[in-house]
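End of the sequence shown sits at 47 in the numbering used here; the numbers just go up one at a time, nothing left out.
In short, the hints are calculated from the structure, not lab data.
Do not rely on the hints blindly, as some may be mistaken.
Capping the alpha-carbon separation at 20 Å, the derived lysine to any residue pairs in SDA-like fashion look like this [claimed, not checked]: (1) Lys40 / Phe13; (2) Lys40 / Met(-17); (3) Lys12 / His37; (4) Lys40 / Gln28; (5) Lys12 / Leu(-14); (6) Lys40 / Leu(-14); (7) Lys40 / Ala29; (8) Lys40 / Leu(-13); (9) Lys40 / Met5; (10) Lys40 / Asn(-3); (11) Lys40 / His21; (12) Lys40 / Val(-4); (13) Lys40 / Ile0; (14) Lys12 / Pro(-15); (15) Lys40 / Thr18; (16) Lys40 / Asn(-1); (17) Lys40 / Leu17; (18) Lys12 / Val41; (19) Lys40 / Pro(-15); (20) Lys40 / Thr27; (21) Lys40 / Ala(-9); (22) Lys40 / Ser(-12); (23) Lys40 / Glu26; (24) Lys40 / Gln4; (25) Lys40 / Pro(-16); (26) Lys12 / Lys40; (27) Lys40 / Gly14; (28) Lys40 / Met16; (29) Lys40 / Glu(-11); (30) Lys40 / Ser2.
Values in this document were obtained by computation on a predicted structure and should not be read as measured data.
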Amino acid sequence: MPPLLSETARRFNVNNNIISAQMDYAGGVKFGIMLTEMHGTQEETQAAIAWLQDHHVKVEVLGYV
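Please put together the full structure from these sequences, using the hints given.
Right, dumping it as structure tokens:
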């Protein structure tokens, strides 16, 4: 699997900033949660989000927080 955030930056001309990240286990399965902000045009960010989802990343857009 490629380094997803840096790959979106290169492919879609967006800047990503990691706000927080956490790894945990549930039922013996390792999973992670990451809060990031993505900067770019609306077209660039939508394309980057679609690409992340194609790579099995669950994306939830929160807007401005």
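Going down the list of hints, with the structure as the test:
1. Lys40 / Phe13: Given pair Lys40, Phe13 holds - Cα atoms ~12 Å apart, limit 20 Å.
2. Lys40 / Met(-17): 15 Å, holds
3. Lys12 / His37: Holds - the C-alpha atoms of His37 and Lys12 are around 17 Å apart, at most 20 Å.
4. Lys40 / Gln28: Distance of about 14 Å is within 20 Å: holds.
5. Lys12 / Leu(-14): 18 Å, holds
6. Lys40 / Leu(-14): Answer holds: Lys40 to Leu(-14) is near 12 Å, not above 20 Å.
7. Lys40 / Ala29: 15 Å, holds
8. Lys40 / Leu(-13): 13 Å, holds
9. Lys40 / Met5: Holds: Lys40 and Met5 sit about 15 Å apart, inside 20 Å.
10. Lys40 / Asn(-3): 19 Å, holds
11. Lys40 / His21: Between Lys40 and His21 the Cα gap is close to 18 Å, so the pair holds against 20 Å.
12. Lys40 / Val(-4): 18 Å, holds
13. Lys40 / Ile0: This hinted pair holds, its Cα atoms lying about 16 Å apart.
14. Lys12 / Pro(-15): At roughly 18 Å apart (the allowed maximum being 20 Å), Pro(-15) and Lys12 satisfy the hint.
15. Lys40 / Thr18: 13 Å, holds
16. Lys40 / Asn(-1): 17 Å, holds
17. Lys40 / Leu17: 12 Å, holds
18. Lys12 / Val41: Distance of about 18 Å is within 20 Å: holds.
19. Lys40 / Pro(-15): 16 Å, holds
20. Lys40 / Thr27: Given pair Lys40, Thr27 holds - Cα atoms ~15 Å apart, limit 20 Å.
21. Lys40 / Ala(-9): 18 Å, holds
22. Lys40 / Ser(-12): 17 Å, holds
23. Lys40 / Glu26: It holds: about 18 Å lies between the C-alpha atoms, which stays within 20 Å.
24. Lys40 / Gln4: 15 Å, holds
25. Lys40 / Pro(-16): Distance ~16 Å between Lys40 and Pro(-16) Cα, so the pair holds.
26. Lys12 / Lys40: Cα-Cα ~15 Å, so holds.
27. Lys40 / Gly14: 11 Å, holds
28. Lys40 / Met16: 10 Å, holds
29. Lys40 / Glu(-11): 16 Å, holds
30. Lys40 / Ser2: 16 Å, holds
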